[in-house]
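Peer 1: So the protein lines, in turn, are chains E and P.
Under the working numbering, the first residue of the first sequence is numbered 1, with each subsequent residue one higher.
Under the working numbering, the first residue of the second sequence is numbered 1, with each subsequent residue one higher.
No lab work stands behind these hints: they were computed from the structure.
What you are looking at is a predicted structure, and each value in this text was computed from that prediction instead of being measured.
The reader is advised that the hints may include incorrect statements.
Claimed, not checked - Under the rule of at most 25 Å between Cα atoms (straight-line distance), these lysine-lysine pairs were calculated in the DSS-like manner:
1. E:K121 x P:K50
2. E:K121 x E:K78
3. E:K66 x E:K76
4. E:K76 x P:K325
5. E:K76 x E:K121
6. P:K450 x E:K78
Single-letter residue listing:
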Amino acid sequence: MVPLPAICLWLCLQLPSGLLAVQATPPPLQRPAVPAAPAAPLDTAVRETLQQYSAALESLDADQVKKIYPSIDSEKLKSAFREMRELKVAIDAIKVLSADGSTARVSCRVTQTLTPRAGTKQNNTVTRVMRLRRQEAAWLIDGFER
Amino acid sequence: MVDRRIRTMRTAGALAVGILLATASGAVAQTESSPTLSALLPELILREIKLPTPTTTGLSHSAHFSPFTVAELANPAVEVVSGFNKLMVLQLSTFPIGSSSGGFSYAFDPTLGTFRRSSTSFGPLFAERAATIGRGRVSAGFNYQHSSYDRFEGSNLDDGSIKFYLRHQECCTTGGAPVPPFFGVVEQPDGTLLNPFFEGDVIEAALSLDVSTDMVAVFGNYGLTDRWDVGLAVPIVRVEMNATVLATIRRLATAGTLIHTFQAGADVPTQSFASSGSASGIGDIELRTKYRLADFPAGGLAAAVDVRLPTGDEQNLLGGSTQVKIFVVESSGTDRLTQHLNIGYTISSNSSGQSASSSSNAGLADFPDELNYAAGLEFVLEPRITVIGDIVGRNLRGAGRLGLASKTFQFQPPGTPAPPIASTQFEEFQSEAGNLNLLYGTVGVKVNPKGNLLLSASVLFPLTDSGLKSRLTTIVGMDYAF
Numbered sequence: 001m002v003p004l005p006a007i008c009l010w011l012c013l014q015l016p017s018g019l020l021a022v023q024a025t026p027p028p029l030q031r032p033a034v035p036a037a038p039a040a041p042l043d044t045a046v047r048e049t050l051q052q053y054s055a056a057l058e059s060l061d062a063d064q065v066k067k068i069y070p071s072i073d074s075e076k077l078k079s080a081f082r083e084m085r086e087l088k089v090a091i092d093a094i095k096v097l098s099a100d101g102s103t104a105r106v107s108c109r110v111t112q113t114l115t116p117r118a119g120t121k122q123n124n125t126v127t128r129v130m131r132l133r134r135q136e137a138a139w140l141i142d143g144f145e146r
Numbered sequence: 001m002v003d004r005r006i007r008t009m010r011t012a013g014a015l016a017v018g019i020l021l022a023t024a025s026g027a028v029a030q031t032e033s034s035p036t037l038s039a040l041l042p043e044l045i046l047r048e049i050k051l052p053t054p055t056t057t058g059l060s061h062s063a064h065f066s067p068f069t070v071a072e073l074a075n076p077a078v079e080v081v082s083g084f085n086k087l088m089v090l091q092l093s094t095f096p097i098g099s100s101s102g103g104f105s106y107a108f109d110p111t112l113g114t115f116r117r118s119s120t121s122f123g124p125l126f127a128e129r130a131a132t133i134g135r136g137r138v139s140a141g142f143n144y145q146h147s148s149y150d151r152f153e154g155s156n157l158d159d160g161s162i163k164f165y166l167r168h169q170e171c172c173t174t175g176g177a178p179v180p181p182f183f184g185v186v187e188q189p190d191g192t193l194l195n196p197f198f199e200g201d202v203i204e205a206a207l208s209l210d211v212s213t214d215m216v217a218v219f220g221n222y223g224l225t226d227r228w229d230v231g232l233a234v235p236i237v238r239v240e241m242n243a244t245v246l247a248t249i250r251r252l253a254t255a256g257t258l259i260h261t262f263q264a265g266a267d268v269p270t271q272s273f274a275s276s277g278s279a280s281g282i283g284d285i286e287l288r289t290k291y292r293l294a295d296f297p298a299g300g301l302a303a304a305v306d307v308r309l310p311t312g313d314e315q316n317l318l319g320g321s322t323q324v325k326i327f328v329v330e331s332s333g334t335d336r337l338t339q340h341l342n343i344g345y346t347i348s349s350n351s352s353g354q355s356a357s358s359s360s361n362a363g364l365a366d367f368p369d370e371l372n373y374a375a376g377l378e379f380v381l382e383p384r385i386t387v388i389g390d391i392v393g394r395n396l397r398g399a400g401r402l403g404l405a406s407k408t409f410q411f412q413p414p415g416t417p418a419p420p421i422a423s424t425q426f427e428e429f430q431s432e433a434g435n436l437n438l439l440y441g442t443v444g445v446k447v448n449p450k451g452n453l454l455l456s457a458s459v460l461f462p463l464t465d466s467g468l469k470s471r472l473t474t475i476v477g478m479d480y481a482f
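Please put together the full structure from these sequences, using the hints given.
Peer 2: Structure (structure tokens):
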């Protein structure tokens, strides 16, 4: 698959030079303040991210998890997934604790039911506080505070 | 992945087959001497101890102390020796097989945001824990254990401390002509050991016995569902016995004569008799099942049934009992320290229903019902090492005990006119009704060197003096979850 930066570079090279110049030297504009994300859209976006995270965990695919939680140790996660037959994940009680448009602190309750390949089924429910950061239109998990 | 699994299974299978072949060459019971192992001691003590046959005409005393030879099964020595042998046979034939409760547990890892297999406890050694293997999963392994025995009911087995007293056959009476070659003795029982006087002698048989067993038990477990396991344990057993009896004629009634001697015409009151044998083959195969009823932190509650099939050769102490053990298993604790408790009852079928009143059955044991219990702790020393301590108890219902008792032997001292009846006392085992309580302790370690492989090493030691007491039993094993 061709990486996105390579496509951008190719498109730029295809553009007429004048347009390229316009793009390269935009007129001085007063930089508008980044508007705070409206509460409802942020909440929806966070829920969507957590929903994707939950689905990625359930798929037992470490690469899928890494797309939403890039800093995770994917090798360690792959090793953990190899021991699992099935993982059910439910995330609820989601609260946005703070947000500044590019980052957010979110609290949620994560309930997981593991059916391991060897051993017995186990449940775990834990309240977690995670840091999210905005990347373009999406929110990604940056890490867990607890 | 699948290839790797198949390769691992093939390697484990080849290893198990190799061990089986090395342990049970031929896998068919075979003894090196004529009697079977269950009959080795009765045959040695109750048949082989004979005096020389006289070379001249006259009364032969050769088999007068050999109850089996003269078919005198009412001789008190038969009951004592048979009782000793049966208790020993019972314990050798039903020695516990180690459990296959190895396994892997999981804990929530905050850095991963999900569960990770935390090699907390790897399970007990001789007990079971509530954890099941999981649907469709297979685990296999083996245990090797070596036991040797040094005491029986508190007496040393290997230094002649255990003594049996062979009473003279009640063979004769008096009334014939008091001339050679019979000197008035008539071979006709008269119901007393006081007439003729020489029937008052006894032979003291001091036993020195070395017994050892080696067993490789191969296990397999399969998860029918997440909560229901079925399994199989196939023991391959080798039993070895070396017995020596130092026979000493106690001339209570014939002092100063050579009526009873081990060498005709010479004063030889002692002689050694020996017998040895070994047997190897498949022991009693166990079918196992366990169902997890409830989950607790780091454990749960399970019900289990073990069915022991009489596939072992009873005559050679390789097994022979049909037993159904029903028990409940509880385990709980924390990530680093868990406890387990097993309580159950074993229903046994009697071995053969044959009476022990014939010499050929004197070695066979009736397998009693048992109350079984086990409790222990598993401590996770570090994620790949679990240290385990168990107490394992068996209460053999109505198996009886043998206790040392002072027994009185009456005799007619020689002389004319006949002096008064005299008596002396010797200490000898005597059967006592009751249950036989056996309690063992085990200490061991399970190590996870790689992947789902578990290696274990442990020792099992008796905590009571009851019955046949082993020295340290050493056990090593391997368990792999596929």
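Peer 1: If a hint holds in the structure, say so; if it doesn't, say that too.
Peer 2: Going down the list of hints, with the structure as the test:
For the suggested pair K121 (chain E) and K50 (chain P), the alpha carbons sit about 68 Å apart, so the restraint of at most 25 Å is broken. A distance of roughly 19 Å separates the Cα atoms of K121 (chain E) and K78 (chain E); the hinted pair therefore holds under the 25 Å criterion. Between K66 (chain E) and K76 (chain E) the alpha-carbon distance is near 12 Å, which keeps this suggested pair within the 25 Å criterion. This hinted pair does not check out: K76 (chain E) and K325 (chain P) have alpha carbons roughly 43 Å apart, beyond 25 Å.
Pair hint K76 (chain E) plus K121 (chain E) holds up; C-alpha atoms about 21 Å apart against a cutoff of 25 Å. Restraint check for K450 (chain P) and K78 (chain E): satisfied, since their Cα atoms lie roughly 17 Å apart, inside the 25 Å limit.
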